[in-house]
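Trainee: Spelled out from the first residue to the last, the chains are:
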Amino acid sequence: NAGVMQNPRHLVRRRGQEARLRCSPVKGHSHVYWYRQLPEEGLKFMVYLQKENIIDESGMPKERFSAEFPKEGPSILRIQQVVRGDSAAYFCASSGGYITGELFFGEGSRLTVL
Amino acid sequence: AQSVTQLGSHVSVSEGALVLLRCNYSSSVPPYLFWYVQYPNQGLQLLLKYTTGATLVKGINGFEAEFKKSETSFHLTKPSAHMSDAAEYFCAVSDGEGGSEKLVFGKGTKLTVNP
Chain A
1 NAGVMQNPRH LVRRRGQEAR LRCSPVKGHS HVYWYRQLPE EGLKFMVYLQ KENIIDESGM
61 PKERFSAEFP KEGPSILRIQ QVVRGDSAAY FCASSGGYIT GELFFGEGSR LTVL
Chain B
115 AQSVTQLGSH VSVSEGALVL LRCNYSSSVP PYLFWYVQYP NQGLQLLLKY TTGATLVKGI
175 NGFEAEFKKS ETSFHLTKPS AHMSDAAEYF CAVSDGEGGS EKLVFGKGTK LTVNP
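So the protein lines, in turn, are chains A and B. The numbers in the first sequence follow the working numbering, run straight up by one, and end at 114. The numbers in the second sequence follow the working numbering, run straight up by one, and end at 229.
Hints may be right or wrong, so weigh each one.
[To be verified] No more than 25 angstroms apart at the CA atoms, straight line, and that leaves these computed lysine-lysine pairs for DSS-like:
#, chain 1, residue 1, chain 2, residue 2
1, B, K221, A, K44
2, A, K27, B, K163
3, B, K224, A, K44
4, B, K163, B, K182
5, A, K62, B, K221
[What the hints assert, rightly or not] Each pair of labels, with its calculated beta carbon distance range:
#, chain 1, residue 1, chain 2, residue 2, range
6, A, G28, B, N155, 20 to 30 angstroms
7, B, A131, A, R14, 40 to 50 angstroms
8, B, P229, A, R14, 23 to 33 angstroms
9, A, E41, B, T226, 14 to 24 angstroms
10, A, K51, B, G176, 37 to 47 angstroms
11, A, E41, B, I174, 23 to 33 angstroms
12, A, E72, B, H196, 21 to 31 angstroms
These are computed hints drawn from the structure, not numbers from a lab. C-beta: ideal position from N, C-alpha, C; glycine also.
With these hints in hand, go ahead and build the complete structure from the sequences.
Mentor: What follows is the structure, encoded as structure tokens:
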């Protein structure tokens, strides 16, 4: 499967725990975007990364959330000390950076905070 | 700032009927416009996109959309609905600023197709 791979698909955490969501982009893609989808809402942009760089984090909450895209390995979205409001579907998308306008989306990671 | 408004969070049509999903956008620069489809518990799949050129854009599964600058609209249509079209549809806009393909999405429209 050459598409965007996200894991885990489902994650359950208790309040105060940490959640780590992983995203492997399409092979050859070096641009990664993270989006959050809450019930009855569209996808909200969180962060845009290129290898080893955060390009735009204007949609990231100021606290508890961080993202990285290392030189080797998947991109990781990390949520520390989760709260119930963090329950959502988190989608990763990748692109080749050629301004084609197309993002390729993964199937999402669904986080439930108890 | 860019924004997208999708009129109607739920649309219901009969199988074989016309599908019309409405999208209006706001952008300070010539936009790139997209329609994505999401099936339950899946990611988003690109249906079609408008970047430059012809304003009537054809996509997959028989869908098409027309970019109307004067109306700031990009409505999605399909002449004849099929049961398999039942899904949620998202309109999105991008300006490609700084080389970014960051998209701003509407809240989505859930399409139900009745037999």
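Trainee: For every hint, state whether the structure bears it out.
Mentor: Each hint, compared with the structure:
no. : hint                               : verdict
1   : B:K221 x A:K44                     : holds (9 angstroms)
2   : A:K27 x B:K163                     : holds (22 angstroms)
3   : B:K224 x A:K44                     : holds (18 angstroms)
4   : B:K163 x B:K182                    : holds (14 angstroms)
5   : A:K62 x B:K221                     : holds (23 angstroms)
6   : A:G28 x B:N155: 20 to 30 angstroms : holds (27 angstroms)
7   : B:A131 x A:R14: 40 to 50 angstroms : holds (47 angstroms)
8   : B:P229 x A:R14: 23 to 33 angstroms : violated (43 angstroms)
9   : A:E41 x B:T226: 14 to 24 angstroms : holds (19 angstroms)
10  : A:K51 x B:G176: 37 to 47 angstroms : holds (38 angstroms)
11  : A:E41 x B:I174: 23 to 33 angstroms : holds (25 angstroms)
12  : A:E72 x B:H196: 21 to 31 angstroms : violated (44 angstroms)
Consistency note: the structure conflicts with the earlier hints numbered 8, 12.
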